[in-house]
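A.B. asks: Kindly produce the complete structure, drawing on both the sequences and the hints.
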Amino acid sequence: MNDERSDEKRRLLNEVFRTDSIDSFSRQLKERAWAEFRRARVMRRIALISSAAVVVTALVAGSLFFRATERNKTRNLATMPVPTEPKQSRAVQAVAPANDATLTDEQLLAFFPADSCFIAEVEGRKILVFRDPELRQKYFH
Amino acid sequence: MVNGDEAAFGEFYERFSGRLYGLLLFLTSGQEQIAREILQITMIKVARKFRVFENESALWAWLSRIARNALVDYVRDQSRLPKPVSVELLGLTVYAPGAAEAELLEWLECGLSELDQGERVLVESVYFQRRRQRDLAGECGTTQKAIESKLARIREKLRQFVLQRIKNERRTI
Chain A
1 MNDERSDEKR RLLNEVFRTD SIDSFSRQLK ERAWAEFRRA RVMRRIALIS SAAVVVTALV
61 AGSLFFRATE RNKTRNLATM PVPTEPKQSR AVQAVAPAND ATLTDEQLLA FFPADSCFIA
121 EVEGRKILVF RDPELRQKYF H
Chain B
1 MVNGDEAAFG EFYERFSGRL YGLLLFLTSG QEQIAREILQ ITMIKVARKF RVFENESALW
61 AWLSRIARNA LVDYVRDQSR LPKPVSVELL GLTVYAPGAA EAELLEWLEC GLSELDQGER
121 VLVESVYFQR RRQRDLAGEC GTTQKAIESK LARIREKLRQ FVLQRIKNER RTI
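For the record, the sequence lines run as chains A and B.
Residues in the first sequence are numbered from 1 upward in steps of one, following our numbering.
Residues in the second sequence are numbered from 1 upward in steps of one, following our numbering.
No wet-lab data here; the hints were simulated from the structure.
We treat Cβ as the ideally placed atom computed from N, Cα and C, and that holds for glycine.
A few of these clues could be false.
[To be verified] Simulated restraints on C-beta separations: (1) B:E32 / A:I46: 35 to 45 Å; (2) A:R5 / B:G141: 26 to 36 Å; (3) B:V121 / A:R39: 39 to 49 Å; (4) B:E114 / A:S6: 17 to 27 Å; (5) A:I46 / B:Q40: 22 to 32 Å; (6) B:E124 / A:R44: 39 to 49 Å; (7) A:I46 / B:E139: 47 to 57 Å; (8) B:D5 / A:R27: 14 to 24 Å; (9) B:E169 / A:L48: 44 to 54 Å; (10) B:E139 / A:L48: 48 to 58 Å; (11) A:I46 / B:D116: 54 to 64 Å.
C.D. replies: What follows is the structure, given as structure tokens:
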């Protein structure tokens with residue numbers, strides 16, 4: 001009950017000192033406060049929209065990057081050297097001296113009949129290409 | 001208000017601007033010019049930073065803290081000018097806003113007791129029994145406009161009474 005009366009007294013105190021009744025100061029104050037309130041609301045909205053835009057941009061960039069990575073992987077698989085290469089090297093290793101770790105191009109070509117094959121470079125990798133497929137079958141069956 | 005509702009801001013202004021102004025008058029010992037200036041600063045800060053509160057007393061505590069801090073900043077700024085405001089003004093800002101308002105309410109009660117019988121009944125009916133002015137006008141055989149004018153005169157009387165008490169109190173500090 002006492003609290004209720006205090007609340008009513010506070011309401012009366014507010015009315016007594018509400019500057020509306022005094023002069024035009026209150027109108028100006030209210031207008032300034034309103035303007036500030038609207039400005040703050042606009043700023044809050046801009047901040048909200050900006051953060052949403054940042055999130056969307058990050059998602060789009062992430063998905064584009066992911067797709068590009070996937071595409072690169074697929075392309076790498078498609079351009080891998082033909083499986084003959086390992087076989088070829090195995091065959092060469094079989095006849096090559098045991099202490100030779102690597103062969104030069106000329107040494108490799110020397111294993112096969114003259115002018116029957118050549119070494120080509122595809123995307124940075126060297127492959128052995130036979131002019132006659134039958135000859136290739138002979139060595140890599 | 002937090003969602004940017006203008007009607008809510010209007011209601012907030014109606015409900016708290018007077019209370020804040022009264023508090024600032026108390027804290028500035030009735031210096032109306034300074035109190036208005038601080039009220040303006042306070043309202044602008046509030047409009048910028050409004051947030052959610054559990055209840056009205058938490059909201060009021062926040063508002064009065066902003067008002068008091070704004071006054072402290074104002075006095076500090078003014079003290080750097082060639083004609084500074086009274087340093088004693090800063091001393092009053094240590095007054096807890098709750099205690100300040102309790103005194104204001106006490107003086108308001110004194111002011112009410114100074115009113116004549118008819119005025120007191122009118123204030124009692126409108127502010128404490130929450131009766132509608134239109135109904136009171138009907139009962140008294142007068143217009144609502146006349147009731148409104150009478151209430152405005154009473155409020156002004158109470159304002160002057162409380163303001164005088166604030167200023168007198170200042171002299172005794």
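A.B. asks: Taking the hints in turn, state whether each one holds.
C.D. replies: These are the hints, each one checked on the structure:
{"no.": "1", "hint": "B:E32 / A:I46: 35 to 45 Å", "result": "holds (38 Å)"}
{"no.": "2", "hint": "A:R5 / B:G141: 26 to 36 Å", "result": "holds (29 Å)"}
{"no.": "3", "hint": "B:V121 / A:R39: 39 to 49 Å", "result": "holds (45 Å)"}
{"no.": "4", "hint": "B:E114 / A:S6: 17 to 27 Å", "result": "holds (20 Å)"}
{"no.": "5", "hint": "A:I46 / B:Q40: 22 to 32 Å", "result": "holds (25 Å)"}
{"no.": "6", "hint": "B:E124 / A:R44: 39 to 49 Å", "result": "holds (43 Å)"}
{"no.": "7", "hint": "A:I46 / B:E139: 47 to 57 Å", "result": "holds (54 Å)"}
{"no.": "8", "hint": "B:D5 / A:R27: 14 to 24 Å", "result": "holds (21 Å)"}
{"no.": "9", "hint": "B:E169 / A:L48: 44 to 54 Å", "result": "holds (48 Å)"}
{"no.": "10", "hint": "B:E139 / A:L48: 48 to 58 Å", "result": "holds (53 Å)"}
{"no.": "11", "hint": "A:I46 / B:D116: 54 to 64 Å", "result": "holds (56 Å)"}
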